[in-house]
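**Student:** Residues per chain, in single letters:
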Amino acid sequence: MSTTFLAAVCVVGIIGLILGCLIAFTAKKFDVEADPKVEKVRELLPGANCGGCGFAGCADLADAIVNRGISPSRCTVISAAALKNLSAFLGVEAEEKEKMTAVVFCGGSLSRAARKAQYNGIMDCRSANVAGGGGKACAYGCIGYGCCARACPFGAIEMRDGLAVVHPEVCRGCGKCVTVCPRNLIRLVPASVKIHVYCSSADKPAARRKVCSAACISCGKCIRADGQGRVEKQENGTVRINCENPPDISLAETAGCPTGALQTEETHRAIQPISPKETQK
Amino acid sequence: MSLPPHVARFTGGIHPMDGKGLSNGITARTAPLLEKYLVPLHQNIGAPPKLTVTKGELVKKGQRIAEPGGFVSVPLHAPTSGTVGNLTEVPGVAGNTLQAVEIISDGKDEWGSGLDPIVPWQEADRKVLKQRVADGGIIGMGGAAFPAHVKLSPPPEKTIDTLIVNGAECEPYLTADHRLMLERTEAVLEGAAIAARILDVDRIFIGIEENKPDAIAAMKKAADAYGIQIVPLPVRYPQGAEKQLIFAVTGRAVATGGLPMDVGCVVQNAGTCAAIRDAVVEGHPLIERYTSVTGTPVVHPGTWIFRIGTPVKEALKLAGGVREQPAKLILGGPMMGFAQSSMDVTVTKNTSGILLLTGRETGRYLSSPCIRCGRCVSVCPMRLLPGPISVMVECENYALAEHNFVMDCMECGACTFVCPAKRPLVQHFRRAKAEINAIRRARKKH
Amino acid sequence: MPSNEWLLITVGAILVNNVVLSRILGICPFLGVSKKLETALGMSGAVTFVLTISSFVTALLYKLLLSAEITICGTTVNLSFTKFLVFIVVIASLVQIIEILLRKFSPSLYRALGIYLPLITTNCAVLGAAELNAGANNGLGRGILESTVFGFATGLGFGLALLLFACLRERLELSMIPRPFRGTAIALVTAGILAMAFMGFGLLVK
Chain A
1 MSTTFLAAVC VVGIIGLILG CLIAFTAKKF DVEADPKVEK VRELLPGANC
51 GGCGFAGCAD LADAIVNRGI SPSRCTVISA AALKNLSAFL GVEAEEKEKM
101 TAVVFCGGSL SRAARKAQYN GIMDCRSANV AGGGGKACAY GCIGYGCCAR
151 ACPFGAIEMR DGLAVVHPEV CRGCGKCVTV CPRNLIRLVP ASVKIHVYCS
201 SADKPAARRK VCSAACISCG KCIRADGQGR VEKQENGTVR INCENPPDIS
251 LAETAGCPTG ALQTEETHRA IQPISPKETQ K
Chain B
282 MSLPPHVARF TGGIHPMDGK GLSNGITART APLLEKYLVP LHQNIGAPPK
332 LTVTKGELVK KGQRIAEPGG FVSVPLHAPT SGTVGNLTEV PGVAGNTLQA
382 VEIISDGKDE WGSGLDPIVP WQEADRKVLK QRVADGGIIG MGGAAFPAHV
432 KLSPPPEKTI DTLIVNGAEC EPYLTADHRL MLERTEAVLE GAAIAARILD
482 VDRIFIGIEE NKPDAIAAMK KAADAYGIQI VPLPVRYPQG AEKQLIFAVT
532 GRAVATGGLP MDVGCVVQNA GTCAAIRDAV VEGHPLIERY TSVTGTPVVH
582 PGTWIFRIGT PVKEALKLAG GVREQPAKLI LGGPMMGFAQ SSMDVTVTKN
632 TSGILLLTGR ETGRYLSSPC IRCGRCVSVC PMRLLPGPIS VMVECENYAL
682 AEHNFVMDCM ECGACTFVCP AKRPLVQHFR RAKAEINAIR RARKKH
Chain C
728 MPSNEWLLIT VGAILVNNVV LSRILGICPF LGVSKKLETA LGMSGAVTFV
778 LTISSFVTAL LYKLLLSAEI TICGTTVNLS FTKFLVFIVV IASLVQIIEI
828 LLRKFSPSLY RALGIYLPLI TTNCAVLGAA ELNAGANNGL GRGILESTVF
878 GFATGLGFGL ALLLFACLRE RLELSMIPRP FRGTAIALVT AGILAMAFMG
928 FGLLVK
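Chains as they are written, first to last, in this note's numbering: chain A, 1 to 281; chain B, 282 to 727; chain C, 728 to 933.
Hints are computed from structural coordinates only; laboratory data are not their basis.
There may be inaccurate statements among the hints.
What the hints assert, rightly or not - When the alpha-carbon atoms are kept at most 30 Å apart in a straight line, the in silico DSS-like pairs for lysine-lysine are as follows:
| # | chain 1 | residue 1 | chain 2 | residue 2 |
| --- | --- | --- | --- | --- |
| 1 | A | Lys204 | B | Lys609 |
| 2 | B | Lys714 | C | Lys762 |
| 3 | A | Lys210 | B | Lys336 |
| 4 | B | Lys714 | C | Lys763 |
| 5 | B | Lys598 | A | Lys210 |
| 6 | A | Lys40 | C | Lys762 |
| 7 | C | Lys831 | A | Lys40 |
| 8 | A | Lys233 | B | Lys331 |
| 9 | B | Lys336 | A | Lys204 |
What the hints assert, rightly or not - A few chain C residues facing chain B, derived, Cβ under 10 Å:
| # | residue |
| --- | --- |
| 10 | Glu900 |
| 11 | Leu901 |
| 12 | Ser902 |
| 13 | Met903 |
As the list claims (entries may be wrong) - To list a few chain A residues with every Cβ distance to chain C over 12 Å, as calculated:
| # | residue |
| --- | --- |
| 14 | Arg74 |
| 15 | Arg160 |
| 16 | Arg209 |
| 17 | Gly220 |
| 18 | Ala225 |
| 19 | Gly229 |
| 20 | Pro258 |
From the three backbone atoms N, C-alpha and C, an ideal C-beta is built for every residue, glycine too.
Using the sequences and the accompanying hints, generate a full structural model.
**Tutor:** As structure tokens, this is what we get:
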């Protein structure tokens, strides 16, 4: 019995030894220099492989961070703590990165926006955009067929009454929706800014009012009410909050916006009656 | 002269109800002068023309009011004499908004184009003739709106040996080219001869579908004097598509991604030829065109000669209005034309038809998944696989769609016409083409 | 050995007793790397290579060492009970060597195969082929050359199943699948139907 046992141990042991030597030999001979730093960085990245950074997944970004000096803050979904860890590992100064969130710059829900046609086609914004632009009359507003909601990997966009609304607590600012919107309505803004002018129409103000009751008519009331240049009129006629120096959300009340285009993120999301004048009537 | 051509059959194609009987027997009438015309600036493919007149300026009929914005662009001319009004906006054919200039008529309708007739054109320099085509503001009048002088300027490395005039008019309902070929036979032939002189070719064919026997007969009678051959074509949509027409007339097939000039052909629409003749022989730029106003709801369907910039509303008024509520207004033909969301659109240089359809004729369908019957494959004139490609687009796999030659789709709509599952195939392809073009542009930028 | 025996081994291993679809071995890479035809091609190549070499080495060891009666110090011992131990050590080492070589000569394939490359070690198809070789002829084992051919044919059978399945899955990408069935669920259903189709080959050999 003991002989059998001994023989088995010896045979398996010897075979193992020979093969081990063979592996050691090949490993030495065909060695590839792997960068342990890249591996480590990849571990520290979130591993969502969302592609929000513009690279093909986390591994690619890790390689770019280590070998091409790309800033780790290029990752759009990394949490602040993880970014700190990563920066500490790389030995670079941790960049203060503000959390960004997507904002749909349109307030034209179905009940507010005028219709121009019965759209009978593919229920997808980008498809509708190549076929006359869907049913709503406004040529700049949300088409409302939910392209962005389907593109969002985190389910942060919801279609409410034919308008895309973002839930900022779910949104991680990856920017997928920004690229799919055929009307370029979605922008990434600092999540701390909670008040916006929800209209992107570059029509003449009168024409905007005709197609949407929630359109910004560029009356300038909010600009005057603020008085500190924190609300700005842009070249194409749209009005925008200065995101670097935003006004207080109380401006939504005090400015007395005649159409309610200037509103807080919360009211935009709630799709509530927003025009104070209209509700008074 | 070369041998008489054989007529080759392209694969696929459909026979939709043609509806031409509504208007093909009615002589074209000249629309009366309106008080106001709204001339959209950007009617052509390529760069938009730049306005050269200001508000309040007096213009003569045919006077240049905008200059070309580049080589692939054309000038614009006043449709009548009068005053320049406001710069406004009109809805464009494809659902966009176009800048348009108002021309308020003074009622005198005085010519003043500043273009002298080039006679005899047979002795004129080719460059002069080509310049005249460019100055005449002539674009492809069949619908593509591509500047005619660009088509007549093939790069020197391409040898062009054939000019084909497209008189197929395969779109249902439309009769504009039909009436034009009947009533202005000589103009079409002479224009074709001028275009051939610019291109320096002596093989000229005019392809006409056999459902226009009177036009074929009239053309045949007059064509010999110009050395032009008339080619009667079998009736099949899309016989008038550029590549199908070339194949039918010459037997040459354009390779994927290629242009007609790759097989030595240039195709011009019959209306374009007549416009070329007017610009050269009369010195009249393109300010009016033959347009069908038709459809069952129209009281008096027919073909009119409209000035460019005539509002569609006025055009419908001329046709006696409607006898029942139409459900759809289409500019162009029912297959490739554009449904409109507004009556404020205007007749442009490429408006071949104004078509009204009733609710019965249009219908709203719910599309369902592909049942793989293969009808779309058998009718596709470009020999594509419309059904499978549409599924690829639905799954947003544009690389695969491109690999399956979606870029060769000319959006003729034959597949959508026959699809028993009522799938919006052409819309899928338009989207794929838009996305692939965007990807290509982005790639070029990097 | 008659020539039709070779044919029997080959056809049997590829079609009739396909390692994936009839013996249900090697399901892990079958499901894991069948999403794209390209990686499936690389995987089937790697597995075929490992199977051939490992079949040869294990058959050699089994025939000469393990199944032989060895007399040590007057006692006759039969070491065939250690075959699994030896086989797995051999296979693991081979996979390691292939991994090192792939990393050196084809980094893109190395990256595409990812975790599934070291997992060839635990690919039961490889161990299964070795065991089938050893267990043939009532435990006497196949000849060394026959074993190698069997291993190679098993690899081809694995590759055939994997490539067919990868093609199917590429088509599945373009299908409208009910939500609960998306992903692995529909893949498994498809694999089942494919296995049923392969049952038809059972009638090839009496």
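**Student:** State for each hint whether it applies.
**Tutor:** Here's how the hints hold up against the structure:
Between the alpha carbons of Lys204(A) and Lys609(B) the distance comes to roughly 28 Å, so the proposed pair stays at or under 30 Å and holds. For the suggested pair Lys714(B) and Lys762(C), the alpha carbons sit about 27 Å apart, so the restraint of at most 30 Å is met. As the CA atoms of Lys210(A) and Lys336(B) are separated by approximately 26 Å, the hinted pair is consistent with the 30 Å bound. The suggested pairing of Lys714(B) with Lys763(C) holds, with an alpha-carbon distance near 25 Å, which does not exceed 30 Å.
Distance check on the hinted pair: Lys598(B) and Lys210(A) sit about 26 Å apart at the alpha-carbon level, within 30 Å; holds. The suggested pairing of Lys40(A) with Lys762(C) holds, with an alpha-carbon distance near 28 Å, which does not exceed 30 Å. Taken as a hint, the Lys831(C) and Lys40(A) pair is honoured in the structure, with Cα atoms around 21 Å apart against an allowance of 30 Å. Among the hinted pairs, Lys233(A) with Lys331(B) is consistent with the structure: their alpha-carbon atoms are about 28 Å apart, no more than 30 Å.
The hinted pair formed by Lys336(B) and Lys204(A) meets the criterion: a straight-line CA distance of about 19 Å does not exceed 30 Å. Interface restraint check for Glu900(C): the shortest CB-CB distance to chain B comes to about 6 Å, inside 10 Å, so the restraint holds. Hint on Leu901(C) holds. Least Cβ distance to chain B is approximately 5 Å, under the 10 Å limit. At a threshold of 10 Å, the smallest CB-CB gap from Ser902(C) to chain B is about 8 Å, leaving the interface hint in force.
Hint status for Met903(C): holds, given a least beta-carbon distance of 6 Å to chain B, under 10 Å. The claim that Arg74(A) is not at the interface with chain C holds, since no C-beta of that chain comes within 12 Å of its own (minimum 21 Å). With a minimum CB-CB distance of about 22 Å to chain C, Arg160(A) clears the 12 Å threshold, and the non-interface call stands. Once the 12 Å rule is applied to beta carbons, Arg209(A) is consistent with being away from chain C; the minimum gap is 42 Å.
Distance check on Gly220(A): its Cβ is at least 49 Å (rounded) from any Cβ of chain C, clearing the 12 Å threshold; non-interface status holds. With a least beta-carbon separation of about 49 Å from chain C, Ala225(A) lies farther than 12 Å from that chain, consistent with its non-interface assignment. With a minimum CB-CB distance of about 50 Å to chain C, Gly229(A) clears the 12 Å threshold, and the non-interface call stands. Distance check for Pro258(A) against chain C: the nearest CB is about 45 Å away, which clears 12 Å, and the non-interface claim stands.
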